[in-house]
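Chemist: So the sequences go chain by chain: A and B.
Straight run, no breaks: the first sequence in the working numbering ends on number 406.
Straight run, no breaks: the second sequence in the working numbering ends on number 406.
Some hints could be false.
[As the list claims (entries may be wrong)] Heads up, incomplete: computed chain A residues facing chain B, CB under 7 Å, no partners named:
(1) Arg132
(2) Arg176
(3) Leu182
(4) Pro374
Derived from the structure by calculation, the hints contain no laboratory data.
Note that the structure is predicted; figures quoted are calculated from it, not measured.
Note that beta-carbon positions come from the ideal geometry of N, C-alpha and C, so glycine has one too.
There are 2 protein chains.
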Amino acid sequence: MSTLQLIAKKAGVSAQTVSNVLSGRGVSKRRDAIERAKRILQIADELGYRPDAAARAIRSGRTLQIGVVIRNDRYHPLCHQLAFESILGLNEGLLEQGYVLSIIRVMDLESERMAQSRAMRENLLDGVVALSYLPDWVEKRLSDHFEHVIWADSNVWLPENCIRRDEKEAGILAAKAAVNLGYKKMIWTGERLDSGHYSDIQRWAGVKEVAQQHGCEVTHFNGAEAVGDYALKLLESLNRQTVVLAYDVYHARRIVAAGQTLGMSPGYDYGLICCDDSQTTQSHWPSLSRVSFDRYELGYQAAQMLLQSLPGSGVPRAGRPAPSRMISGQWFLGGCTAWGPDYQTVSQ
Amino acid sequence: MSTLQLIAKKAGVSAQTVSNVLSGRGVSKRRDAIERAKRILQIADELGYRPDAAARAIRSGRTLQIGVVIRNDRYHPLCHQLAFESILGLNEGLLEQGYVLSIIRVMDLESERMAQSRAMRENLLDGVVALSYLPDWVEKRLSDHFEHVIWADSNVWLPENCIRRDEKEAGILAAKAAVNLGYKKMIWTGERLDSGHYSDIQRWAGVKEVAQQHGCEVTHFNGAEAVGDYALKLLESLNRQTVVLAYDVYHARRIVAAGQTLGMSPGYDYGLICCDDSQTTQSHWPSLSRVSFDRYELGYQAAQMLLQSLPGSGVPRAGRPAPSRMISGQWFLGGCTAWGPDYQTVSQ
DNA sequence: CTGAAAGCGCTTACAG
DNA sequence: CTGAAAGCGCTTACAG
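All chains, full assembly: derive it from the sequences and hints.
Modeler: Here you go:
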């Protein structure tokens with residue numbers, strides 16, 4: 059491994075001249091200085107010089123490392139697969155400013171496990187982004203442990219350092235589309251109604267609001283209990299006048315699977331509209347009528363917010379907390395799974 | 059921020075006594091030493107002491123940081139969504155030995171971009187895991203840049219430092235299941251046959267081998283061109299004697315979507331078997347008959363292999379290259395999408 | 001503008 | 001077993 063010292067020795071100058079040249083600062087316009095700088099650069103190149111991240115960190119007091127907290131672990135590897143899109147966006151935003159991202163699992167924050175995770179045990183991270191639905195004790199622990207936290211998609215909502223999807227709007231967009239398509243009855247399928255993650259509460263609130271405005275009947279179907287009598291009851295109430303509004307793609311799939319056992323297809327035999335999707339949906343289920351959120355962008359923006367709150371991070375207004383943001387959803391008719399009750403089968 | 063020095067001052071001892079106590083080494087059994095150690099621990103606790111990762115790295119010469127190279131980026135955020143499962147497994151394996159994982163995108167390895175990515179520009183990583191299908195120039199660049207590389211799921215296959223799924227076995231398992239279920243004709247759907255990623259080549263090789271052994275006709279359908287005349291031709295050849303063997307879940311979904319437009323369902327009107335899945339499939343499409351690979355485990359094992367190849371990583375046999383490994387697939391009947399041609403509809 | 005010195009926080013030798 | 005010293009690779013003051 060080559061160091062500044064080594065380059066300095068080979069070039070016959072001092073270490074900090076090398077440092078100056080390599081960092082692009084303070085090279086004089088004098089002819090000999092320019093020549094020397096060239097030689098230094100060449101030697102550094104020959105030796106394959108790369109700065110030592112640790113040495114830089116120890117001097118600057120900043121590690122340029124950020125953590126992202128997610129729920130996934132060995133026993134719940136995919137409890138929130140969509141997190142991946144946000145992680146990729148986050149990574150891109152951080153990388154642009156020289157920051158590096160690493161993953162922290164919620165389970166690593168448990169008291170008994172804290173000592174196992176070097177990211178928690180040592181001074182390693184300049185800040186963290188908490189992603190999605192987190193237990194109360196996790197929120198507290200993160201606030202205690204890190205000076206800089208961005209709450210992305212979590213139940214924490216403050217004037218600063220939070221970023222969320224506009225979930226009520228998602229419910230409203232989905233329900234309005236249903237009304238406009240002419241459906242007379244709505245079935246809401248999700249796991250929770252008025253508790254849990256803010257997305258559960260607000261998507262349902264948006265749907266309910268639109269339904270009431272238009273005098274439309276809405277029944278609730280708990281998607282977690284899709285097997286047995288209840289599933290049959292649901293399926294018996296499916297018809298061309300009825301639209302199922304699904305909390306997410308997972309619930310939408312369950313409805314389709316259950317319908318299929320009775321020979322019913324979405325779009326044709328009943329309407330199906332989903333309140334949320336991800337980029338995967340576009341490739342795996344493009345025909346789904348849905349509200350779409352850009353989770354990659356959410357991650358990217360969360361990165362911007364965190365960098366803004368970090369002093370000396372190089373972005374504009376660095377060092378001041380970032381005002382909270384809300385991400386808008388977008389209505390997508392899809393391929394589609396909701397033609398409305400007046401749909402006529404066309405021979406192909 | 060509290061340092062060893064600060065604790066030492068408060069406790070009236072020297073810095074390295076504090077270091078000794080906190081690292082759990084060399085505390086004598088003498089009564090006064092034990093008392094003192096207790097006091098030091100208490101002070102460290104009160105001050106919320108956390109070791110500085112950079113300082114430790116600079117002394118030990120190891121950063122305890124690992125990179126994982128993936129293809130995903132802003133323009134292809136989900137070109138390989140399944141990578142997430144392996145990343146989570148990798149993260150778990152590394153974390154157990156105090157290592158931290160960060161993400162490197164293939165695009166960050168491009169010459170013009172190298173300088174942008176601190177992970178490449180600086181001495182930051184002790185080693186990397188290359189995940190999935192990588193262009194030749196990426197393989198070369200990684201080998202040149204890093205002393206320790208594990209090739210996971212890539213086209214690189216050497217006696218050491220490589221880990222792969224047994225893809226030929228996957229093709230064989232899928233095709234044998236089809237034969238055992240009584241299907242007479244097979245349709246293979248994937249994008250490539252004899253070139254590209256080793257999974258393309260070997261899954262197809264396994265299927266072909268079994269088909270030939272049993273005198274079964276196999277036709278190939280390029281899933282990338284599923285729209286238009288070709289799709290119609292495919293659909294016309296679907297019937298109860300025929301099974302579609304899909305390269306992956308994505309291709310399986312396309313077949314189902316195309317079939318649906320003609321009112322055909324997998325399992326009932328034709329057979330559908332998939333050569334690969336992921337943990338997501340279990341929740342999103344449990345009825346799919348398939349070969350299953352544990353990508354989380356693949357990541358976890360790749361972590362073990364990398365740690366073994368790193369000197370001083372704390373695992374057994376550290377410092378010696380890890381022999382290459384092959385991960386087995388497992389046959390899953392699923393819910394199912396392949397009952398065989400003799401399936402009789404049962405009233406529900 | 002360049003060089004010698006000091007120091008970031010820690011650990012690894014080496015004396016007492 | 002404990003303390004004073006040296007040093008990891010770099011950068012930030014301070015002299016020449």
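Chemist: Identify every previously stated hint that the structure contradicts and give their numbers, smallest first.
Modeler: 4
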